[in-house]
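Peer 1: Residues per chain, in single letters:
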Amino acid sequence: MKRLNGYDVDRVGYLMVLPYIVFFLLFNAYPIIFSFILVFHKWNIISPMKFLGLENFRFLLQDPLFWKSIRNTLVFLVIHIPLQLIVALVIANILNQKIAARGFFRASFFLPVVISGVVITILWQQFYSYETGLFNTILMKIGLDKIPWLISTKLAMPSIAVMATWKNVGLYIVLFLAGLQSIPSSLYEAADVDGATGVQKFFHITIPMLNPTIIMVLIISTLGGFSLFIEPYVMTGGGPINSTLSCVLYIYKQAFYFNHMGYAATLGFAVAFIIMIVVIIQRKLFETEVYE
Amino acid sequence: MSRFPIFCLVIFFLNISLQAKSEVIKITYWPSSNPQEIELAANIVDKWNKIHPDIQVVMQPLPSGQSSEEVLLTAVAAKTTPDVCSNIWPGIVEEFAEANAIIALNKFNDFYDIVNPRIPEDVLMNFASNDGHYYQMPWKGNPIMMEYNVRLFREAGIVEPPSTYKKFMEAADKLTRDTDGDGLVDQWAGVINVNPVWWHRFFDFYAMYIAASGGRTLFKEGEVDFDNEYAVGVFRFLQKGFKKGYFPKGMLQGNQFLLENIAIQFAGPWDIGFLKIHAPPDFEYDYAPLPVPEGTEEPILTYSDPKNIVIFSTTKHPEEAWEFVKFLISKENDLKLLEFTSQIPFRKDLDTDPVYEEYFKENPMVLKFAKQIPYTRGSDNITQLKEVFDVIAQSFEYSVIYGMQEPKIAIEEAAETCRRILRR
Amino acid sequence: MRKALFYILLSLIAITFIYPFIWMTSASLRPEREISELSPISRNFSFRSYITVFNRIPIGRAFLNSLFVTCSITISVLFLSSMIGYALSRLHFRGRELIFMVILFTMMIPFQITMIPLYVLMVKLRWIDSYQALIVPYMINAFGILLFRQYFKAFPQSIIDAARMDGCSDFGILYKIIWPNSIPALVTVGILIFMQTWNEVLWPLIVIRKTSIMTMPQMVALYAVGGQAESQIGPQLASAMMLALPIVIVYTIFQRHFIASMAHTGIKG
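Protein chains in written order, with the numbering used here: chain A, 1 to 292; chain B, 293 to 716; chain C, 717 to 985.
It should be emphasised that the hints constitute simulated quantities derived from the structure, not laboratory data.
Mixed in with the good hints there might be a few duds.
Simulated pairs of lysine-lysine, DSS-like, Cα-Cα distance not exceeding 27 Å [stated by the list, open to error]:
hint : chain 1 : residue 1 : chain 2 : residue 2
1    : B       : Lys-458   : B       : Lys-541
2    : B       : Lys-532   : A       : Lys-146
3    : A       : Lys-146   : B       : Lys-535
4    : B       : Lys-678   : C       : Lys-892
5    : A       : Lys-50    : B       : Lys-371
Working from the sequences, and respecting the hints, build out all of it.
Peer 2: Here it is as structure tokens:
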């Protein structure tokens, strides 16, 4: 413990982290504990809490809408993740070459990332509109039928997944670019000596070396998928027939439309638990050791 | 020493002025954020304050924003509620009553003396809570009726507004056309809001259910009561409308009724003011009761879309608040309600009392609603009402709009889900 | 030859990302009936949609609200998170590593769990419909602390020692030495927080009901959801344009820093 000028270094440290302690207790610790208590009660904010024991859990397990929201999220992820992994990897690889105006291209892909989800949703809502939307207008002009993008139960969530990919892929391109640039060129040179083709180099050097980045992209998109809210809220209200009801939207409805605070808390924990499981599975499946 | 008497005098006068101040009672009143209702409220409050210098009412409109129910709920939780609020949707009254947030109005001695002459009995009973008390004072409604374009009817050869489902279908067939020959239908018979939001269903399914069943609501004595032929009938009727393309499936832009692309819509009197301003002079429209299954007895009922008045239990002056509530529903102020907002006070004598004669002479359209208001129902006093309607709205979307489920099964399943919700 | 192919491909893709915004701009500036047309430029230039928006919703007020809230939070986070990051990286005291673990832990808690109790807390504190509800729960950012801590760890100890010998207090060191020499970190965190806060819409939807306190994304989202816009696409797009414009302007200027900041999110300590 250094003491200079008779200064007690310890105390200043405590002083500096004090705001965090207060903040943590108020906005982290308290909410988690209270949320946990709520799980075992029925509460609508204005009446006293009613103890329910495990009733909320029982209802949750049989709640078709909860499982629907999980299923919807998985549909979203199954489309969104592979799509953006492939697109981002390909584009990042192209950008990694010595290309002029790389900065410009990178900036253009990244543009949708910084813009509010609300803007993107409004824009794509118009694109996807059945009667007057841009996509269907183009389709009709070339003689094809209109597609019920947001009106069909089978297409609504995939449509949202495509929109989300368009919005976020710029971020992943940037991340992959950073990852690509950290791969030592010596590896490629060694492969060249062995006469490896471009494709072989890609699958045997690039992908394994990018593994940490890929895992990170997986986790970020998974978290994003389970946090999907504003897109279904604005575009579809959770429909048609609850096919775009996301986990957070369902929690929001239960808490703020129906005032089921206890049940909403239960849903929150359930979703968090499922996120944890999905992430663990992903790491087990895809994480490989990176050899230096 | 000579300072002392002055000191006493100062204290004495201070005391007096404080006393005087504390003798003026302040009542806070929250009307809706609707601009017409704010105008009305300002007018009424002003008059009251002149008559009652010792009981001053302070008006604060509900913050305009998402939903007044959420605002009120938060206020109850934080105990920042006003004394009186006149924008209460009956659906939340039960919740508030259970939380002891509002007071039972029938505990006032003159409650029944005031209420019985004003409101028909069956309408009043609809607003009673499960414990038999009245926690709300029925104030005004917007009965849902069938609004139709007279010119389009005439052009289609329809002589009188369709009163039954069968007649409606026949008329709808003539009204749904492709007017500009591009192969796409651009004139529809009617319109149903396809957004799956729960409260839209009040204006189509629920209103028609009340009409078809002769005044039944969804619950009876706290139990699910709507799995019957009337609910199925409404679902079937509207499902057919969608299947045959009489109602547009997608959301359209702008006010289609005004643009004369829609011949019929189901609405309350709120359109009257709007059309007065925006409709071209040759725009002809009229109102008729909702269509019902053949053989339904008259009079045809409908949903009243009510907004009522409550007194919150945080009030320090319940008696004075009650005096103000009585003032709000007086004859003169009910007339003002009509004049400022064209919404209908819950009165059974609107068409007979000379006080209103002048107004209805100038506003014959509103008179139709005034005649309908004694024949209306509100909603049930169930705390989970929003959830129930959410279930119905989803069922509606699945079966009626997308035609993917037999109405009978849809109603059965919805009823079962609602039973489960009530048991929680 | 291969290079040329790449350029064409990249350009096509770049167009896919930029054209929608160009289309949105022009669609918001046309009369209503022409909106579904494909042509990027219309002959009938019209501000109608924008005027409608201004008449219907107080979007200017919402913009100011967003500006106020975002700036307050950004300044607060820069200030507090850097201070805490400094304490965790350069000062020695008992419990330092424990606090760091706690911070890491809180980053793993999904919002789904905390949003309900946080709302209840706001109700009990009577902060609903107030700026405090929007600002205070975001005044410290765990990720910001992490980034600062990492950055400060690499700070040369010699400079700090020299300042200490001159009699500088630790707070003084923070302001006079660390901050001026940590511009990259400040900019990185600043941009991240600014962007995140400006676009935040779920929390305002939960705690703000009064139109006069609503933030811009919230107001535009509510406008587009239904009812108010009466399904009129022109005004919806116009309001979206106005929401996007501030960030696009900031982005165009600080573009490189934006991208660098986001790339940093990938680098775990």
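Peer 1: For the pair supplied as a hint, B:Lys-458 and B:Lys-541, confirm whether the alpha-carbon distance does not exceed 27 Å.
Peer 2: 21 Å, holds
Peer 1: Please work out if A:Lys-50 and B:Lys-371 have their alpha carbons no farther apart than 27 Å.
Peer 2: Cα-Cα ~20 Å, so holds.
Peer 1: For the pair we were handed, B:Lys-532 and A:Lys-146, check the Cα-Cα distance against 27 Å.
Peer 2: 23 Å, holds
Peer 1: Take the C-alpha atoms of B:Lys-678 and C:Lys-892, compute the straight-line distance between them, and say whether it is at most 27 Å.
Peer 2: Not OK: B:Lys-678 and C:Lys-892 at ~58 Å, beyond 27 Å, violated.
Peer 1: For a C-alpha distance cap of 27 Å, please report whether A:Lys-146 and B:Lys-535 respect it.
Peer 2: 19 Å, holds
Hint compliance for this structure: hint 4 is the single one not met.
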